[in-house]
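Asks: Just so you know, the protein sequences line up as chains A and B, in that order.
Position 326 of the first sequence, counted from 1, bears residue number 326 in our numbering, the numbering being contiguous throughout.
Position 309 of the second sequence, counted from 1, bears residue number 309 in our numbering, the numbering being contiguous throughout.
Note that these hints are calculated values from the structure, not bench results.
Predicted model, so just to flag it, every value in this text is computed and none were measured.
Any given hint might turn out to be false.
As the list claims (entries may be wrong) - Derived DMTMM-like pairs (lysine to aspartate or glutamate); straight-line CA-CA distance at most 25 Å:
#	chain 1	residue 1	chain 2	residue 2
1	B	Lys76	A	Glu259
2	A	Lys173	A	Asp23
3	B	Lys269	A	Asp3
4	B	Lys269	A	Asp218
5	B	Lys269	A	Asp249
6	A	Lys269	B	Asp249
7	A	Lys269	B	Asp23
8	B	Lys250	B	Asp218
9	A	Lys34	A	Glu259
10	A	Lys269	B	Asp124
11	A	Lys269	B	Asp218
12	B	Lys269	A	Glu217
13	A	Lys168	A	Glu201
Protein chains: 2
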Amino acid sequence: MSDGPLDVVGIGNAIVDVLSHADDEFLVREGLVKGSMALIDTSRAETLYQLMGPGIEVSGGSAANTIAGVAGFGGKAGFVGRTRDDQLGAVFAHDLRSLGVEFDVPPAADGPPTGRCLILVTPDAQRTLNTYLGAGGDLGPDDVDASMVARTQITYLEGYLWDPPAAKEAFRKASDIAHASGRKIAFSLSDSFCVDRWREEFIQLAEHEIDVLFANEDEIKSLYQTASFDDALQHVRGHCEIVALTRSDKGSVVVSGDEVHVIDAEPAKLVVDTTGAGDLYAAGFLFGLSRGLDLYVCGQLGSIAASEVISHMGARPEMSLAELARDTLNAVI
Amino acid sequence: MSDGPLDVVGIGNAIVDVLSHADDEFLVREGLVKGSMALIDTSRAETLYQLMGPGIEVSGGSAANTIAGVAGFGGKAGFVGRTRDDQLGAVFAHDLRSLGVEFDVPPAADGPPTGRCLILVTPDAQRTLNTYLGAGGDLGPDDVDASMVARTQITYLEGYLWDPPAAKEAFRKASDIAHASGRKIAFSLSDSFCVDRWREEFIQLAEHEIDVLFANEDEIKSLYQTASFDDALQHVRGHCEIVALTRSDKGSVVVSGDEVHVIDAEPAKLVVDTTGAGDLYAAGFLFGLSRGLDLYVCGQLGSIAASEVISHMGARPEMSLAELARDTLNAVI
């Protein structure tokens, strides 16, 4: 345990991903909506796993992926989320700690196993998520270490936290501490179906609590129930201090007060699996923001990190992001 | 459980791989010999895991990788090996069964956990293996189902089986049943250090028990303690019915009686991680052999499978080998 200043802390569901290739017919047969995240219970998780092909296991969880990315850029980062004392819980903890991430929530000695997400990757590199929250679903305000949030520049939370019952109280606690300490709260809308489930609360959050908002095109359109990206942009503009909207290979748009940046996607040599693209964009952006870089550079760092993670299976970077971003960072630091 | 005829059954250590990128300095610091397999105990496994970077978990085990490859070509395959009733054991079993592989050894209810192999992948795509055998180390003759071996064309065993105490008895049992049923025994020398540990026994096996022998250049040179590949080739020639010697990007040499084939490696677009290259060569070769294809085509199928598995992290194919080999197979079947 440490007590030095941190750049970014993530609060989210602790998940190990199980990734497998599947064809489109598999999704249709299983009633899965391509590109979305569905919550599943134990019995559905078992059935679906039996139907899936061979998999690879990689630590995941949206906010945790972002935190791994921040650490990959060389940022000082921490994570809050719940695991069980089982093999997948040990994998999840190792994969964060080995990056130097502070992760001090002790694994539960009983209750459901460590959460996992069954991910079907179709030949178009799109990913379809089926999340069994497991131990992650027990996250509550007691897991949030007040002193950790107070010494952290930006606390980042995932919209998925609205699904487990007590996690939104963890959000409130973190938000109150962060703002009382002059710190920022960043938030991701996570998934358009998640926005559907929690639209009114997310609009309230965007207007009153969130300093830095991340959303992709589908999510921001869902938030304001509009078919037009530009319409959604006009709605959200001015509510949060900073809004970063990602649009896959069309790049991203960043707005802050009168400032607007339209940033190209980083060309990817190979697109294998888009799992984690949004999470890693947030990683680059938040790392840049925590280092006081221009918003345009923050967006560039987001694009570089997203481009790395879509070039292989899994939502955690395999290469050093600091290395990949060296030219970009050398030009500004 | 099934009782139909099988093409290939593998007997080996049931292992889940934990793969992580590392630099050459890491290997030097930890006293690891690049490219080799070292056996480690629980405490060393824990220490080394703590020192490693973030990993991905993929089912592994040399013979099990081969069997997954045979199934990927559309072959009927089975596997014999021991797991524990833990999360990694469930992953190992799922990854084989989801390919249609018969795997009926029940997981142990107590004893050591499912085995794992900590794999450091250096920037040259070379892999260095550190195996904690765990439950796999308890493999013995009782695990070998006599009727399964009797209905299988080729039973394939890994040289690594000589390390756990009772596994060589499992080999003897399988060899006796296979030969009494007019079936073939295939064997891989596995690793040059493994050959060092068991040289005399391996020479006896090669001369008296093995019908199909797989070895890479280092292993066959180690077996006959010679610095010359050609010298080793002359030594081994004539002892086994078929010998397939792999030489990385130099391709492979296959000898059987007077027949000799020199087969090119399949060009790889990308070499990310060479873990499993030899195992997948054996998969293509054995699939072809079980289908009665010419030895040259068997070697080509081996090269195709090896080329797929070195293009990504992990020793199990991510693409359909039947699809990749379609042109080659269409030309001969």
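Asks: Hint by hint, say whether it matches the structure.
Replies: Checked hints:
1. Taking the CA atoms of Lys76/B and Glu259/A, the gap is near 62 Å; set against the 25 Å cutoff, the hint is violated.
2. About 42 Å separates the Cα atoms of Lys173/A and Asp23/A, which puts this hinted pair outside 25 Å; it is violated.
3. Among the hinted pairs, Lys269/B with Asp3/A is inconsistent with the structure: their alpha-carbon atoms are about 47 Å apart, more than 25 Å.
4. A hinted pair counts as satisfied when its Cα atoms are at most 25 Å apart, and Lys269/B with Asp218/A does not qualify at roughly 35 Å.
5. Simply put, Lys269/B and Asp249/A have alpha-carbon atoms about 24 Å apart, close enough for the 25 Å limit, and the pair holds.
6. The suggested pairing of Lys269/A with Asp249/B holds, with an alpha-carbon distance near 24 Å, which does not exceed 25 Å.
7. Distance hint between Lys269/A and Asp23/B is fulfilled; the C-alpha atoms sit about 24 Å from each other, no more than 25 Å.
8. Between Lys250/B and Asp218/B, the direct Cα distance comes to roughly 13 Å. Compliance with the 25 Å bound is thereby established for this hinted pair.
9. For the hint linking Lys34/A to Glu259/A, the alpha-carbon distance of about 34 Å lies beyond 25 Å, and the restraint is violated.
10. Among the hinted pairs, Lys269/A with Asp124/B is consistent with the structure: their alpha-carbon atoms are about 20 Å apart, no more than 25 Å.
11. Simply put, Lys269/A and Asp218/B have alpha-carbon atoms about 35 Å apart, too far for the 25 Å limit, and the pair is violated.
12. Using a Cα cut-off of 25 Å, the hinted pair Lys269/B and Glu217/A is violated, with the two alpha carbons roughly 34 Å apart.
13. Annotation: proposed proximity of Lys168/A to Glu201/A holds, straight-line Cα distance about 10 Å (limit 25 Å).
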